[in-house]
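Trainee: This is what each chain is made of:
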Amino acid sequence: MSSAEIIRRCEALYEDLDFTAAREWKAAEPGRKVIGFMPIYVPREIIHAAGMLPLGIFGGGDQLEVIHGDAYYQSYICRIPRSTIELAITKRLDFVDGMLFPSICDVIRNLSGIFKMMFPEMYVRYFDVPQNYRDEIGGAYYVEELHELKRGLEALGGREITDEALRRSIALYNENRRLVRELYDLRAAEPWRVPTYEAYLLLRAGMVLPVEEHSEMLRAYMAAVREEERPMRDNVRIVLNGSFCEQPPLGLIKSIEMAGCYVVDDDYILVTRWLREDVPVEGDPIENLARAFLHHSVDTAAKYTEREEDKGRYLLEQIRRRGAEGVIFAAPSFCDPALLERPMLADRLKEHGVPYISFKYAENSGQMQPIREQAGTFADSIKLWGDTGS
Amino acid sequence: MSSDTTRIDGKPEVVKEPSMLKQKEMIARNYEALTSAPETGRKVVSTFVPGNLNELVMCFDMLNNLPEINAIQNGLRKKSGAMIMDAEKRGHSEDVCTYVKADIGMMGKGNIAPNGKPLPPPDLLLLSYTGCFTFMKWFELLRHEYKCPTVMLHIPYQGDGRITPEMVKYVVKQLREEVIPAMEKVSGVKFDIDRLREYLRESAKAEDNLVWVLESAKNRPSPIDAYFGGVYYIGPIFTAFRGTKDATEYYEMLRGEIEERLRKGQHPITPEGEMEEERYRLVVEGPPNWTNFREFWKIFYEEGAVVVASTYTKVGGVYDLGFRHDPDKPLESLAEYCLGCYTNRNLPQRVDMLVQYIEEYQADGLLINSIKSCNSFSAGQLMMMREVEKRTGKPAAFIETDLVDPRYFSYANVKNRLESYFQMIDQKRRAAGAAA
Ligand code: SF4
Ligand code: SF4
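Protein sequence lines, in the order shown, are assigned to chains A and B. Throughout, this note's numbering is defined as the position within the first sequence, counted from one, plus 16. Throughout, this note's numbering is defined as the position within the second sequence, counted from one, plus 8.
Calculated directly from the structure, the hints in this document are not laboratory data. This one's a predicted model, so the numbers in the text were calculated from it and none came from an experiment. No residue lacks a Cβ here, since even glycine has one placed at the ideal position from N, Cα and C. A portion of the hints provided could be inaccurate.
[Claimed, not checked] Calculated pairs, DSS-like style, for lysine-lysine (alpha carbon to alpha carbon, straight line, at most 25 Å):
| # | chain 1 | residue 1 | chain 2 | residue 2 |
| --- | --- | --- | --- | --- |
| 1 | B | K253 | B | K306 |
| 2 | B | K181 | B | K193 |
| 3 | B | K398 | A | K107 |
| 4 | B | K24 | B | K97 |
| 5 | B | K272 | B | K253 |
| 6 | B | K306 | B | K226 |
| 7 | A | K366 | B | K97 |
| 8 | B | K24 | B | K253 |
| 9 | B | K253 | A | K166 |
| 10 | A | K399 | A | K366 |
| 11 | B | K436 | B | K306 |
| 12 | B | K24 | B | K306 |
| 13 | A | K42 | A | K107 |
| 14 | B | K117 | A | K366 |
| 15 | A | K166 | B | K181 |
| 16 | A | K270 | A | K399 |
| 17 | B | K30 | A | K366 |
| 18 | B | K30 | B | K272 |
[Unchecked claim] Across the chosen pairs, the derived CB separations fall in these ranges:
| # | chain 1 | residue 1 | chain 2 | residue 2 | range |
| --- | --- | --- | --- | --- | --- |
| 19 | B | Q431 | A | E45 | 38 to 48 Å |
| 20 | B | K272 | A | E152 | 52 to 62 Å |
| 21 | A | E164 | B | M432 | 43 to 53 Å |
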């Protein structure tokens, strides 16, 4: 299959707000269940081991007209909760058996309560994670959280989740994470070969497809693009930060590259790269998942940074490792975690002489022109700065 | 009853009862202790109102500084607007919580306390917070500026509407292994659990009286306003005084005053004297607006609207539902306190509370003051409003203001909205009367 064909499939999945692929998966065998989850991190391994499909819900994008959702959220709250409610009210989530709301911010937290009230029949769980990273403190608590999730899914599915099943799922997700890392490495090495909107669509496909199928897709895509000729452009290399929850419209993702910036790292669909190392397959699987979260997870605004000197370290590492020349802060309007984090990260960049720009978006932003101009000017200034060597 | 009704610049001043004067003196003394810390050598802990560990802070002879209270003070004094603009000029987004920006702007202006003296930089940031993620980022921002030690006490959210034994265990473990050692290190004082028990015993006494005061609003007429007046009543117990003899005395005094008002069948005291008539009894959800606090309140008392119960007065502890600090299980009790604060409760629990208040306090309806920059309170309030209307059959209204950003308070809008709300209540009453 050519990369274009694969991307067309991803596009179709992305545009399908009825989640037909997931519905079909569910209908294929009696008793199958689907568990929706919001950005940023949930342990999909446990859902998978329960024989269920973890389904990433990333709002409604720019194709969904929000009519009912506006009656639930005021105008000064980001858009993802209202479009998620819209999806639910318009019955697009009527096949979903449960919803997980990871602890990311106050909006998602309260959204979990709204779902509890609106859909009392549904398995709705706020998924808390520790902000203390010591095994015997935060770890002990988190292991209990994971067990509770496991028990909840067992009750919902009417069957036990065995350690064997968990280990198999962990292995499958390890493989998927390795492939995603490979994709990101490839894009950083040869960004003209893997345009960001393609990488993005591939990751989005992973939110609706079973992991086995998604891994296949990633392999096929990478094999195809390695063979294909693609024109190299004189773009600057940037890291994009702040888009971990409500996603920008596809047009915006494309615009940044068209304006002269190659995205060589980002925080889109972070759940796919949350654990930076393989989760050990041997030993107690729940403990292993907990440890991986505590010690090998990415840095993002929804997590507490224990030591002041570590603030921004992950971003600086991304810049160094990927050979980036600048940072674009792109956050959803009204997004407290991203916007509160930004000044601290910006200070770190200043200290290290890394240029950056900032803007805000909404998932339904229509006006790309100002962002394209801003990104274009940014790219030009980096090139100029590089030329003069100052 | 002695009262002090001084007028400054011809404007009426709040009528002062003895308890108010006592509170004023306590707050002044606390600011004095804070601003003179560099001379006295006492260590300063900055922490938040919901989930604050005042009893524990006192065990280490440290002083408790609360950035939200500073922001409120600056809001009331109309100084917060400029501070917020300053923070925005320094790269802070216009979209985020205005308490944070008021605090950061205040720092830029030398951190001047209400007594005109600079607040010292904190010796420890105690990130004990409940129900709001912004708190976490806020202290990361302060740590970024002050480069001082910071200790995190993570309080899990009551996502399923209950406190589990695992949650308590987790919080207690953090207290034992993270918070207490950090406080010992900064203060140089060794932890003494008996001292903590003593303070907790004192807290519980004050808490009993606070609950009595808040519940006095079940009477008709209500002798108190449980929102505008309520924010004064919760002051000592939600801040640096919980666990002190001062707080116990304050609440005894307050209770005495209100018993007296009840005996006389009096209405609440407002900045312009006693309210004359109780025409509407309301339950209010959400924090008040601070920059225009007096004007805001006035719209209510001019119409004879009394707030008989509010959720804002539960941010620093939901005592009326039964929680008390308990000297017999000191650390567990601190953990349960933190876990139980209002915004750490999930939305269904918050709705239950509002419904219960409307019924128990025989209110005419619910008013939501939705704060533009506070997602913790505001995200989901429209749904809460509809649920409460559905379950109680009482009308609800929704207004939007901000905490300390004067740009977001529109007097005309708020007044219009409230006036039509009061008319709606009248209509409902007439309809009910006609039906009867
Ligand atoms: S976009 Fe930001 S504020 Fe909105 S739900 Fe996501 S993390 Fe929370
Ligand atoms: S968001 Fe709300 S609860 Fe959180 S700090 Fe700001 S005002 Fe307080």
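Trainee: Under the constraints set out in the numbered hints, which ones does this structure not fulfil?
Mentor: 1, 4, 5, 9, 17, 19
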